Every structure is written in C-alpha cells, then in structure tokens.
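Q: Here's the letter readout for the chains.
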Amino acid sequence: MNKNFIISGSGGQGILSIGSILANIFMLSGKFVSLCPCYGAEMRGGAVNCEINMSDREIYCVQNSKADIVVALNQTSFDKFISRVKENGTIIVNSSMAKIEKTRKDIQYIFAPLTQEAQKLGNIKITNSIALGILSKIIGNLNIDIVKEAYEKILKDKKELIQKNIEAYLVGLNYIQEGVV
Amino acid sequence: MTERELLKGNIAIAKASLIAGCECYFGYPITPQTEIGEYLSLEMQKRHLAYVCAESEIGAINMALGASAAGAKVMVSSSSCAVALMQETISYACADELPFVLVNVMRAGPGQGYIYPSQGDYNQATVGGGNGDYHTIVLSPSTVQECADLTYRAFYLSQKYRNPAIILADGLLGQMSESAVIKEYPYEEIDNSDWILNGASDRLSRNIHSLEPSQLKLNEHNVNLKRKYTLIENQEPMYEEYFCEDAEIIITAFGSMARYTKEVVNHYREKGIKLGLFRPITLYPFPYQQLRKLSYSAKLFVDIEMNLGQMLKDVQLSALSNVQTAFIGKPTGDWLKKEEITGVIDNLLKDKNANIR
Amino acid sequence: MQTYAKPKSIKENSSFTFCSGCDHGLAIKLVAQVIDELNIQRDTIAVSSSGCSVFLYDFLDVDCVEAPHGRACAVATGVKRAHRAKGNNKIVFTYQGDGDFASIGLGESIHSALRGENITAICINNTNYGMTGGQLGPTTPMGQITATSPLGRNKEYHGFPIQTVQHIAICEGTCFCARVALYDIKNIYNAKKQIKKAFEYQQKGLGFSFVEILSSCPTNWKLSPIDSHKKIEEELTKIYPLGVYKDIDHE
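These protein sequence lines map, in sequence, to chains A, B and C. If you want the numbering used here, it's the position in the first sequence, counting the first as 1, plus 988. If you want the numbering used here, it's the position in the second sequence, counting the first as 1, plus 20. If you want the numbering used here, it's the position in the third sequence, counting the first as 1, plus 3.
Hints were generated in silico from the structure; no laboratory data involved. Be careful, since some hints might not be right.
What the hints assert, rightly or not - Chain A regions said to be covered by chain B (calculated; three or more residues, Cβ under 8 Å):
#, stretch
1, 1003 to 1012
2, 1078 to 1090
As the list claims (entries may be wrong) - No farther apart than 20 Å at their CA atoms in a straight line, the calculated lysine to any residue pairs in the SDA-like style are these:
#, chain 1, residue 1, chain 2, residue 2
3, C, K32, B, A220
4, A, K1113, A, V1159
5, C, K11, B, S225
6, C, K199, C, I43
7, C, K207, C, G90
8, C, K89, B, E209
Because the structure is a prediction, the values reported are computed rather than measured. For glycine and all other residues, C-beta sits at the position ideal for the given N, C-alpha and C.
Using the sequences and the accompanying hints, generate a full structural model.
A: What follows is the structure in structure tokens.
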C-alpha cells in the first residue's frame, strides 16, 4: 500500500503538528513514512501545508503533484489544493472557514464545521485534531493506542493537552458514519 | 540511542554530530539549514561545549579553523551563497591540514537565488572556489538516515585525512522528515596529539600556517597534499548501484534527485527495460572507476540533476567512448517528477531503439 | 650589573627579518617578555595574521596558528572556545596590523570585543599596508602620502581614518584597552605594562583586552628610524592620543 496526504491551512492552526502526529502514527505502525513541510516563502502570508507519504516499501518520491486525501482548514488552502486531489480521492474541508462548494465531480468532499466543533469542546486550537480524526476514519484501521503514543511523542508531558486532543480526535473519528462517504 | 525516530534531515545531522563527539559549532542563520544551529544552540550549552552565534559566515568558518587547530571536533553549517563566503578559509584549512565538517544544505543560486531546493553547488563543493591545488571530501546523503550516517563518516574522514569534509545536502532533505535511527558512532577515534596546538608544555612549539616563502618547501607541501588526495581517491569512493548488473541504460544522480530516480528505474524494470541507477555517495572522491566498469556493458548514461549539468562532466569522464551520455535537469523548484524524466528517456529509447533493446 | 638577556619565549637563533627601525621586533620582544614574566609560554597559543605581523611565529616560541587576512580574532575565538570546551584554560592572543584588525577584519574584531571573548588582541598601527609597499590603510592620517594616496589622504577620495581603540572601548565586552607607542624608553616601559595588563585580564577571565601600538614604518614612510619615531611622537600621538581608554578595574 502506498498513500499520500496533504494537510493545509494557516499558521497557528497546527498543520505541522497533526502532520507530524500522522507521520508518527504510520512510523509506529511499522510503515515507511515521509513528511515534507512547506518552508520559507511558501509560508508567506501565513499559509502552511505539508505532505505525508506512507508506504509498505521504501519511499523514493516524497513530493507528489497529487494526493489521495487533502485536508483544507481554510478557504485559501481549499482553493489552492482542490486541484491536487487525485481522481477518486477525498478532500476534507473545514466549512467553518470555507464555503461549501463542489467544483469537481471525480472526488469526494467532506465538509465539516471543524472550528465550531472545536468551540463546542471549549478550545479552537484542537480543530486540527478533529480533522485528523476524520482523516483517520477515511484511512481506516489506525490503532488508537498508537494514536495516543504519537500524541505523547509530539506533545511530550503536556498531559492535559494530550487528553483534550485525543478527545477531539475521537470526535472527528466518529463524525462521519462508516459508509457515508 | 537506537530508537527509531521521525527526524528532519537537519536535525538528524545535528543529533549525529553530537554522537560523533562534536565539541564546537559555529554558525550564522540561513534558510534552509537553520534548524541545525537552533537545535545545537541548546544541546551544546547543556553539555558545556563551544557554540558561537558568529557575526558572519566568515567569522564562523574561521572560528572553526581555530578550534580545529586546538584539536577539537568542529562542525559548521550553512547554505550555498553563504558557503561561497567561506571558500578562502576552506582553502586555508586544506593547506593547513585542519579537519572540520561543513554542512551545506543547498538552496538555489546563483547569487542570492532563493531558498528552493537545488543541487547547484556540486561544482562549488567538488571543485571548490578557493585558491590553489586542494580538495575537500564531499559526502552526499539521499535519505534522512544517510544524513546521520554520513555525518559520522564526515567527522571520521576529516579527522583521518586532516582535511575538511563537506556534507552536501539540499533544502528538501534538510526540511523533510523520515524515520531514522541515530546509531552509535561506528568509527575509531583518530589520535591528533602529534599536531594540535595545546600549549608547548613538553615539546617544541608548533606552527600551523600556509604562508611559505620558500619555493622549494611550498612545492613540496603541494606535492604532499596531492599524494594525500590520491590516497583518498583510491581508498574512499562510495557509491550505490540500483539494478545496475545487467543495465544497458544507467541513470546517474546524487542526493535527493537519486532517490526520485529510483521510481524511474522501477517504472522501466516493470516494462522489462534494462535500466539502473548509479549514485555516487562521495562526490569527491568521485567513483570514476566504478562507473567506468558499468560503461563496458551499458550503452547510454543519463545524468539527472537539479542543476544544469554539473556532475555531468564527471559522468562523461567515466564513460568509455562506446557510451552515449544525455542530461536531464532543471535548476530549482519542485523536483523532477517521474513523468518528466520518463518522457525524455522514452524519446531517447526511440532514437536508440535499434542498438539498446 | 644587569645585562641584556634574550626573552625565553623568543626562539633560539632567530633574528628579526623586519626592516631596520621597524617597531615590530620590539613589539614582539615586549610580548615575549610579558609571556616570560607571567610564566605562560607553555599555555599560550598565538594567532598571527596577514601582513608583516604574520612572521610572529618565526620568532615567538609558542604554539601559533596563522589566520586568513583579517580573521585573527575569529580564529582566536575558535582556539579559546575549543580549549574551554575541553576544560583547558589557555592564553590566546592575536598579533595583527591595523589593516588586518581595523579594516578587513573590523567585523571579527568588534564582534569579538562585543562577545567579551576572553582573548587579547595586539594591533600594530603603522598607518599603512606595510608588506605590500605602503598603501593607504584604515589608519592613514589625513594628508599622509602613501603609494595609493600620492597627493595625500583627502576626504573626497579616501574618507577618514578610524580611531580603533575608541571603538573597541565602547564595546561592553571589552575589559581593557589602551594605545601605546614605542618611541622612547618611558613609552616602551609603559607599553610593556599595558600589554602585561591585557594578558593578566585574560588570565582573570575578564573579557576582551586590546592594545594598539603606534609603530614606525621607516621604509614606507621614507624616513630614517629616528625621524620615524619623531613623527610618532610629534604627529601621530596628536591624532591618536596615547592612554588607557578602558579599564574595568578602575570603573
């Protein structure tokens, strides 16, 4: 198996954090993995994105023109990355910060008001973890213990924060019913 | 120490330098290598080692020269246009036979260029921009794991041959993360007690200098250096062969570009076309002999670089006259995609169909 | 009866190769005497530079590394810090000309002072680039004729000279800096006293210490040794006043 993902949004939305958590989840699951962040000029204007590759064999090409799943946490990134979803791929859009609009017929859209969902949980900073939960649901078969371990690796000893993020992750995981998309 | 971690290339280099026993780091910020200096700023202080935020790259490389003369293991990291600033002192260090490790996480040039990844410093590293007959050892990693492993090798070779060693990475490798293991330092420690400057307490005083007003001595010094370089050229070439045994077409590529071309090799092998990849790991010494061996059976070398053909001349020097050489490259930006490369190679195959298949 | 003795830290059988009347030899001898008196010959590492000062290692019997032009303070920083990382306390000093210290190497010099780098810098100021044949340098006074200011230094073409010691004095990391001259016995004694103080401050770990020595260059000034010293006494000390410009022990 060989899949790649683009996670995009703006600075402060925790794009690189969930990118890193996702990459760690794959690594801890015994997969080959690569994580390419944007840097420097690409981040001008506050745009942030990263690409994660996951495979059963060594990964040679770490930056691809198309991705299996794209996560877009705001309008700018939705506009920018919609063209980079593979045919039959999926885009997860934060509809709290982007208009619900389907311009392509060959991909699946998941619109979810992630910021509002995070507000319900009392902290908009965990918007990213809800998105990661939804993404995990689509990928399927991610071991929750490994997810927790990955969060602990990235967030170190901030126990309360880990707790809150896992909670958000689970909200995301259960946001869409199996078979809905 | 043997735990598998998700690491950026830059951080892998920084972590490995500590395990290799780096005692001094001198640096000045420049994208895309800044994480190395940032990471080491705390780690070196924790260990009471030397760390200076230098006033310039010129300052940094000269601090390295001094620290090396004092017998310390030293690392400096920078990028392209700033490495250009260091060329004078690199020439001095080669003349003085002072070891240090210089990391160049390449960005695009010429001049200021931009921070996009590139392989535009192949010539700067292997030919050098300093004056005189000298060489620096150049190691080119292609994965994050190699960023760590070749950092060890750079420290070892620089100490062993008393010569600067360059790790030639690029912006992609510096910034991307992969899972890697920071292993133990695998090489023996080199005794430097017979040349370092630590105060002439029980010996005659020592001078380390490149100025030599005597023609005779200056010639002799150059010849001795050349002898050392010949030894390095015979002993230290490193390379990787990927499906080369029966290959009629050989792709040559180094660093990040080489890993991308493995997809191209797989693509043609699946079609039954005999294509392989030859990847020099040491760019100096370039593995001329090893590549030449492949030209006995191959008909075409396709050199692929993220520049406009710098390693190409070394590939051409390796090729026997029966081998054609072609070049695919671009100076910077997104790495050449499989489709872009196969498009060109498909055309080459059509032209050569008669004698290659 | 007191007889002259060669300092222990001057190499056996070495004779200075400087031009006659040049103060480099005297300056190196004073440094050697200070090294002897402080008993630090075996713990000292010198950093030489480019220009006439490069020959330091031919005469001074201590470990020495040559720096690229202008970079002596950076190289000295590396030597000092590397030894500190190894747990060694070594005495490290640079020996530079004014072109090396205050022109091409001004960045390295000022920043070593700002960092309070615990090294000593000795700068021989002879108001020109001596080794290359006496061209205009950063300290060439207004009006002085040199090989590249044949009509005399003027502000239209060359701008103004630098007051090196004063610039170093305002750096917070500087613990001691002084300007001295060697034109008579009194001044020679004083010069040695200030050089010694600079080294002692380094021993105490107080920061960057610096001594600028106004020196003669009879060959390029086209003056006799005696007239050269007269020029220093009568002209140069007016432009570059002698004295201690910073001493943290007296503040």
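Q: Decide, hint by hint, whether the structure agrees.
A: Hint check:
{"no.": "1", "hint": "1003 to 1012", "in the structure": "holds (count 3)"}
{"no.": "2", "hint": "1078 to 1090", "in the structure": "violated (count 0)"}
{"no.": "3", "hint": "C:K32 / B:A220", "in the structure": "holds, 19 Å"}
{"no.": "4", "hint": "A:K1113 / A:V1159", "in the structure": "holds, 14 Å"}
{"no.": "5", "hint": "C:K11 / B:S225", "in the structure": "holds, 13 Å"}
{"no.": "6", "hint": "C:K199 / C:I43", "in the structure": "holds, 12 Å"}
{"no.": "7", "hint": "C:K207 / C:G90", "in the structure": "holds, 16 Å"}
{"no.": "8", "hint": "C:K89 / B:E209", "in the structure": "holds, 16 Å"}
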